[in-house]
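2 protein chains.
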Amino acid sequence: MTDKRTELSDLGEFGLIDKLTQGFTTHVPQTIKGVGDDAAVISISDEEALLVTTDALLEGVHFSLMYTPLMHLGYKAVMVNLSDIYAMNGIAQQITVSIAVSNRFPVEALEELYAGIKKACDFYKIDLIGGDTTTSLSGLVISITALGRAKKSDVVYRSGAKENDLLVVTGDLGAAYMGLQLLEREKEVFKANPNIQPDLDGNDYLLERQLKPEARRDIVDLLKALEVKPTSMIDISDGLASEIFHLCKASKTGCTIYDEKVPIDAKTSMAAIEFNIDPITAALNGGEDYELLFTISQSDYDKIAGNPNLTVIGHMTDANSGVNLVDKNGALLPLKAQGWNHFSGS
Amino acid sequence: MTDKRTELSDLGEFGLIDKLTQGFTTHVPQTIKGVGDDAAVISISDEEALLVTTDALLEGVHFSLMYTPLMHLGYKAVMVNLSDIYAMNGIAQQITVSIAVSNRFPVEALEELYAGIKKACDFYKIDLIGGDTTTSLSGLVISITALGRAKKSDVVYRSGAKENDLLVVTGDLGAAYMGLQLLEREKEVFKANPNIQPDLDGNDYLLERQLKPEARRDIVDLLKALEVKPTSMIDISDGLASEIFHLCKASKTGCTIYDEKVPIDAKTSMAAIEFNIDPITAALNGGEDYELLFTISQSDYDKIAGNPNLTVIGHMTDANSGVNLVDKNGALLPLKAQGWNHFSGS
Numbered sequence: 001m002t003d004k005r006t007e008l009s010d011l012g013e014f015g016l017i018d019k020l021t022q023g024f025t026t027h028v029p030q031t032i033k034g035v036g037d038d039a040a041v042i043s044i045s046d047e048e049a050l051l052v053t054t055d056a057l058l059e060g061v062h063f064s065l066m067y068t069p070l071m072h073l074g075y076k077a078v079m080v081n082l083s084d085i086y087a088m089n090g091i092a093q094q095i096t097v098s099i100a101v102s103n104r105f106p107v108e109a110l111e112e113l114y115a116g117i118k119k120a121c122d123f124y125k126i127d128l129i130g131g132d133t134t135t136s137l138s139g140l141v142i143s144i145t146a147l148g149r150a151k152k153s154d155v156v157y158r159s160g161a162k163e164n165d166l167l168v169v170t171g172d173l174g175a176a177y178m179g180l181q182l183l184e185r186e187k188e189v190f191k192a193n194p195n196i197q198p199d200l201d202g203n204d205y206l207l208e209r210q211l212k213p214e215a216r217r218d219i220v221d222l223l224k225a226l227e228v229k230p231t232s233m234i235d236i237s238d239g240l241a242s243e244i245f246h247l248c249k250a251s252k253t254g255c256t257i258y259d260e261k262v263p264i265d266a267k268t269s270m271a272a273i274e275f276n277i278d279p280i281t282a283a284l285n286g287g288e289d290y291e292l293l294f295t296i297s298q299s300d301y302d303k304i305a306g307n308p309n310l311t312v313i314g315h316m317t318d319a320n321s322g323v324n325l326v327d328k329n330g331a332l333l334p335l336k337a338q339g340w341n342h343f344s345g346s
Numbered sequence: 001m002t003d004k005r006t007e008l009s010d011l012g013e014f015g016l017i018d019k020l021t022q023g024f025t026t027h028v029p030q031t032i033k034g035v036g037d038d039a040a041v042i043s044i045s046d047e048e049a050l051l052v053t054t055d056a057l058l059e060g061v062h063f064s065l066m067y068t069p070l071m072h073l074g075y076k077a078v079m080v081n082l083s084d085i086y087a088m089n090g091i092a093q094q095i096t097v098s099i100a101v102s103n104r105f106p107v108e109a110l111e112e113l114y115a116g117i118k119k120a121c122d123f124y125k126i127d128l129i130g131g132d133t134t135t136s137l138s139g140l141v142i143s144i145t146a147l148g149r150a151k152k153s154d155v156v157y158r159s160g161a162k163e164n165d166l167l168v169v170t171g172d173l174g175a176a177y178m179g180l181q182l183l184e185r186e187k188e189v190f191k192a193n194p195n196i197q198p199d200l201d202g203n204d205y206l207l208e209r210q211l212k213p214e215a216r217r218d219i220v221d222l223l224k225a226l227e228v229k230p231t232s233m234i235d236i237s238d239g240l241a242s243e244i245f246h247l248c249k250a251s252k253t254g255c256t257i258y259d260e261k262v263p264i265d266a267k268t269s270m271a272a273i274e275f276n277i278d279p280i281t282a283a284l285n286g287g288e289d290y291e292l293l294f295t296i297s298q299s300d301y302d303k304i305a306g307n308p309n310l311t312v313i314g315h316m317t318d319a320n321s322g323v324n325l326v327d328k329n330g331a332l333l334p335l336k337a338q339g340w341n342h343f344s345g346s
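So the protein sequences, as listed, match chains A and B. For the first sequence, the working numbering begins at 1 and goes up steadily by one. For the second sequence, the working numbering begins at 1 and goes up steadily by one.
Source of the hints: derived by calculation from the structure; they are not laboratory data. Nothing here was measured: the structure is a model prediction, and the numbers come from that model. There could be a bad hint or two in this list.
[What the hints assert, rightly or not] Derived Cβ-Cβ restraints for the label pairs, each shown as a range:
1) Ser45(A) to Ser299(B): 34 to 44 Å
2) Pro194(A) to Glu7(B): 19 to 29 Å
3) Gly60(B) to Asp10(A): 21 to 31 Å
4) Gly23(B) to Glu274(A): 34 to 44 Å
[Stated by the list, open to error] In the SDA-like style, the derived pairs of lysine to any residue whose C-alpha atoms are separated by at most 25 Å in a straight line are:
5) Lys4(A) to Ser64(B)
6) Lys19(A) to Val107(B)
7) Lys125(B) to Gln30(A)
8) Lys4(B) to Gly139(A)
9) Lys125(A) to Ile44(B)
10) Lys229(A) to Thr256(A)
11) Lys19(A) to Thr68(B)
12) Lys212(A) to Gln22(B)
13) Lys119(B) to Leu183(B)
14) Lys125(A) to Gln30(B)
15) Lys4(A) to Glu112(B)
16) Lys119(B) to Met71(B)
17) Lys4(A) to Gly139(B)
18) Lys125(A) to Val35(B)
19) Lys4(B) to Leu137(A)
20) Lys4(A) to Glu111(B)
21) Lys224(A) to Gln30(B)
22) Lys4(A) to Leu137(B)
23) Lys187(B) to Leu137(A)
24) Lys224(B) to Ser45(A)
25) Lys4(B) to Asn103(A)
26) Lys125(A) to Pro29(B)
Note that beta-carbon positions come from the ideal geometry of N, C-alpha and C, so glycine has one too.
Pulled out of the complex, with its shape left as it was, chain A reads as follows:
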């Protein structure tokens, strides 16, 4: 090791992954796509590809057990991974689950966690095929790997967007982030006075989006039914803005999106205003929506027009135009990706 010391926060998560994996070469002809998309792609036959993705959730970083029921946590940990398979336009089939826990957890707590994992497996028709359970000196760590399949000709990468393609998002955005704000506020209130009852009434939608998100398998089926193959796709885990930058970087394009087109539920907007947050900021930078963001050729527009699950929010431009947001007054503003940086702060 050299004497030089570079802080992790100097690079951020994506810069760090780039730096750590840059020297690696490919040895196996079956590896079609390695690091750098929502999932890796491996050839398994002339026609079919295997999709592989892995994501870890850590207590104190990705969740707080003060307000996350273990059953929901198990469910969500599976969703986070399935979402990456669907973002490749594939169908998830299996998962492995590695858990590290401290002895402060009784077996019954882990049974709750696995009940949530089982619920996700049963509902999404996937098999738990392996794992590892070990002790941890401090918090709970859940690391899941998901495997999926797709016809090779169906796989959608981040890199296929072309200038003038339409940018489409599923569902609505920002709700999971506002759910998190509500839970964090109640946690502070509870810490100050454990006798106060939580004030979460009427916010079921926001809480459910945070605590029990659903991965959009239905969109993979819908796109097939509509006979639309996106030109590029990514899931929204770190926030819309951050994901747009990933698509643009991989596809070597720019992008223009329209503030007023971004789908935001009325409950999200109301909660945002209550917290003095601009709703569009929650949608752009909140993260954890687990919706899909994709581009389609303009010639496919008629196939998706009017579908309540899909909203066109902008279009791809040439790379030199950059990534921009048109605000409600028609002004063109350069977009910034704040997203999540797990290495900043704490």
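Based on these hints, arrange chain B on the given structure of chain A.
This is chain B only, laid out in the frame that chain A set:
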């Protein structure tokens, strides 16, 4: 959650996995074997199977950074997973690597870790295809998933051993455990007086077995060359005794092994005696050897006889005879599997 509280240590690692995964059902026809072997087995074509395994290493539980160079740690974390693929008689092809680190690690430390991972990938001809890098509130966590392939007809499970099959082990046992004892002793000496130079001279073999083990890919090739397909196989990660119990349980057999047949290097024996440990105890219960343990039909004996990599240490019996060790005096003693239980103690 019920009010009942069962401690994790009451069940142990394997009992816990059994309990947590018992209610899961299979939804996907391609899943051939899920939880319960060294790796899961998934059908990918008429002839071929995909093998999947996952294992996590945690600081303070599986390794101490006081004496584990990060490059070796990266290398070893890969070996632990490849070993499980080879134990299915398959060839490893890809890995994903998830890392959680606290901000106390500089980027340069992670570069060392990844240099070890790259060395393993280059030497074993496997591709790094994905991963996840996140912050941890305390120690370093490395979770790896390995993928491999085998012809379906070549896959070897734990469950295929038959009465009278010969039990064979590769290499020699107990060295990694004695290497760990040496390192732990030096750690205590160093803590007491940081100016004392470490006394590790002449113990290179034991230290290398602990710090930089090699997974036995060569054995998969050797068995093919010898035209031997084992009837059952497992890798030795938790100690010979524990693995024998796994084979017997899965195959519904008993087993008799001979103390004096168990291959132990002279350096291992000398170190064991210095530590007042019976060398056979280090071999039976030490763990982390990453050798392969397998059974073959007696009719295959001539094919392996005299091979310096392979030692016959006993034979399988009927289940009612139990698992026994014949000691140097010819006495038959029931074998106990101590192995590693990551939930006991600490």
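Exercise. Can the restraint linking Lys125(B) and Gln30(A) be considered satisfied, given a maximum Cα separation of 25 Å?
Worked result: OK: Lys125(B) and Gln30(A) at ~12 Å, within 25 Å.
Problem set entry | Holds or violated: Lys4(B) to Gly139(A), with C-alpha atoms at most 25 Å apart | 21 Å, holds
Exercise. Does Ser64(B) lie within 25 Å of Lys4(A) when you go C-alpha to C-alpha?
Worked result: Distance of about 23 Å is within 25 Å: holds.
Exercise. Is the hinted pair Lys4(A) and Glu111(B) satisfied, with a Cα-Cα distance of at most 25 Å?
Worked result: 12 Å, holds
Problem set entry | Hinted pair Lys19(A) and Val107(B), Cα distance within 25 Å | 9 Å, holds
Problem set entry | Restraint check for Lys119(B) with Met71(B), where alpha carbons must lie at most 25 Å apart | Roughly 9 Å separates the two Cα atoms, so the pair holds.
Problem set entry | Lys4(B) paired with Asn103(A) [C-alpha distance capped at 25 Å] | 15 Å, holds
Problem set entry | Given hint Leu137(A) paired with Lys4(B) - CA-CA distance at most 25 Å | 23 Å, holds
Exercise. Straight-line Cα separation of Lys4(A) and Leu137(B) no greater than 25 Å?
Worked result: Given pair Lys4(A), Leu137(B) holds - Cα atoms ~23 Å apart, limit 25 Å.
Problem set entry | Range hint 21 to 31 Å (beta carbons of Gly60(B) and Asp10(A)) holds or violated | Holds - the Cβ-Cβ distance for Gly60(B) and Asp10(A), about 27 Å, lies within 21 to 31 Å.
Problem set entry | Pair hint outcome, Lys125(A) versus Val35(B) [Cα-Cα no greater than 25 Å] | Since the Cα atoms of Lys125(A) and Val35(B) sit roughly 17 Å apart, the hinted pair holds (cutoff 25 Å).
For this session: Sort out whether Pro29(B) lies within 25 Å of Lys125(A), counting only the CA atoms.
Result: 11 Å, holds
The structure agrees with every numbered hint stated previously.
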